[in-house]
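Visitor: The residues making up each chain are set out below.
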Amino acid sequence: MTNRSRLWQEYLANGKAEGCPVISAHAHYGPYMGIYFPERGEANSMLKMMDRAGIVRAVCAPHAGLIEPDRGHALMAEVIEKYPGRFSGYWCINPNYPEKLAASLQRFSEARGFVGFKFLADYHLQPITGPGYAPALAYANEHRLPVLMHTWGYSRFDGPALWSELAEKYPRATLIMGHSGYGEWDLALAVAKKYDNVYLELCAAYHANGIIERMVKEVGSQKVLYGEDLPWFDPEYSIGCVLCAHIGEDDRHNILHRNAERIFGFAG
Amino acid sequence: MKFFDCNSSYGILDVPPVQYAATPADLLAEMDFCAVDEALVTCAAQRCDSPLVGNELVLEQTRAQPRLHPAWVLLPPQTEEQAPTVDQFLADMGRAGVKALWAFPARNKYLLNATTLGPVFEELIEHSIPLFFPLEEAVPNMGGHPTYHLGWQMVDTLLSQFPRLTFVVANPMVWGQDRYFRPLIERYPHLYLDIGAYEQGRGLEDFCRKYGAERLLFGTHYPEIPMGGPVLNVLHADISEADREMIGAGNLTRLLQEVKL
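Protein sequence lines, in the order shown, are assigned to chains A and B.
So in this note's numbering, spot 44 of the first sequence is number 44, and the numbers just go up one at a time.
So in this note's numbering, spot 226 of the second sequence is number 1226, and the numbers just go up one at a time.
Hint data in this document are derived by calculation from the structure and do not stem from the laboratory.
There's no promise every hint is true.
[To be verified] Straight-line distance between alpha carbons at most 27 Å, and here's what the computed DSS-like set of lysine-lysine pairs gives: (1) A:K217 - A:K193; (2) A:K194 - A:K169; (3) B:K1260 - A:K48; (4) A:K194 - A:K217; (5) B:K1002 - A:K48; (6) A:K193 - A:K169.
When you get a sec, could you build the whole thing from the sequences and use the hints?
Guide: Here it is, written out as structure tokens:
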């Protein structure tokens, strides 16, 4: 075997590695309509996978919250409380109920354990540049918060073509391109390279053989976050994709934990 | 732990993935990098140029590589492009040492059904030859939403007519396919799944607990998917060592050993 990465060797042997406390920046929680979860996607099932793969913390947008934010946030808050330090939450924004948004942002400001916002524009059918998301983006900009957005290549709701406008309008928000604009790689990487506040996130993107190498080479590993849609997918798989990418060991550490520690304030 | 990849490829594709193996040597180098021991392989020319050209090339290019086992791509017998008769085609396979076939009905423009391939399927059953079928060949991408149900319907229809056909559904598993394939697994004992993209959380554990490991084949779908993901996924699933070894290499080895040519 020619992959001399110490992390790869440790993962081969143990399924995790000392000194590599992985953080998932793109996770969910609970059952969902479009997939069978053997253990309902509950926290104990997620923890089994996290413990086995060396994931110390997952930042989760509860599935229920993507539809009905209040109900989802309440469920997520219970999990955050029950397992201290293992889960953080994204506060979900459903732009189709604009009359509820101001109160929701107020509740976010008082909630514990939620570290940023999550948008799912392809499902909510509103563009990330539209008025439905503007109040949350303005709030994130004011408070320097991370915002994870589902993105997909060529989408008119959240594709990379919309991101320059966002990056320039909200320069103090940390804008995380979930799935890295899957498939529209050239533009996604160019935007992430150009704007300091735009980050790439690997969920699903890690499937595209060679894209991690391109991200590191063209944008830099300090702009790439690890995520895998837990509990949808087993983290050993996605971590394996990172560890077998032809990149340096420091790059692997940046992607798997250092960047998330810095962005979410988890360091130490 | 041995890994025998049921689904990898090398060569120059019409639309290349970001990274790929241009030659068998490049593929072997990546296998070495990712701890994969052997592979059942096709070359890009079989998919993107022509099976008539590619089937010859894959033999020639892997002849000196004992870790690479060539598979052929099947065409309908009516056009007599591959051989004047099915018997002749199977004899050619035997002489070439080829023990597995792939079907690309969309790329090669034919119907994967009894009308087109009924007599061929009967021969494949008789000789225990596995047929690999990439699900995306039956899955039109409708505005970014793949219509997976069409592919599984095709599998169901086919195996209802040829239940003894050893049939491997390749590349099927992204975004939660269990509700599609579990009824078919329960009904068709010769249906196998290439798990190269099956990263379902706790999925291997749940499948093995309910159905056993006999129907799962380790695959990578390389070069589209990096090999390291499927390797770690199988290596650290909470399943028995016996199940792990069956998935990693044992099941594919058995299927190829059962071929009678």
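Visitor: Compare the structure with each hint and give your call.
Guide: We went through each hint and held it up to the structure:
The hinted pair formed by K217 of chain A and K193 of chain A meets the criterion: a straight-line CA distance of about 11 Å does not exceed 27 Å. Straight-line distance between C-alpha atoms of K194 of chain A and K169 of chain A comes to about 14 Å, which keeps the hinted pair within the 27 Å bound. Of the supplied pair hints, the one linking K1260 of chain B and K48 of chain A is violated, its CA atoms being roughly 44 Å apart against a limit of 27 Å. Our distance criterion of 27 Å between C-alpha atoms is met by K194 of chain A and K217 of chain A, whose separation comes to about 14 Å.
Distance hint between K1002 of chain B and K48 of chain A is fulfilled; the C-alpha atoms sit about 25 Å from each other, no more than 27 Å. Distance restraint check for K193 of chain A and K169 of chain A: the Cα-Cα separation of roughly 17 Å lies within the 27 Å cut-off, and the hinted pair is therefore satisfied.
Going through the hint list in order, the structure does not satisfy hint 3, though it satisfies all others.
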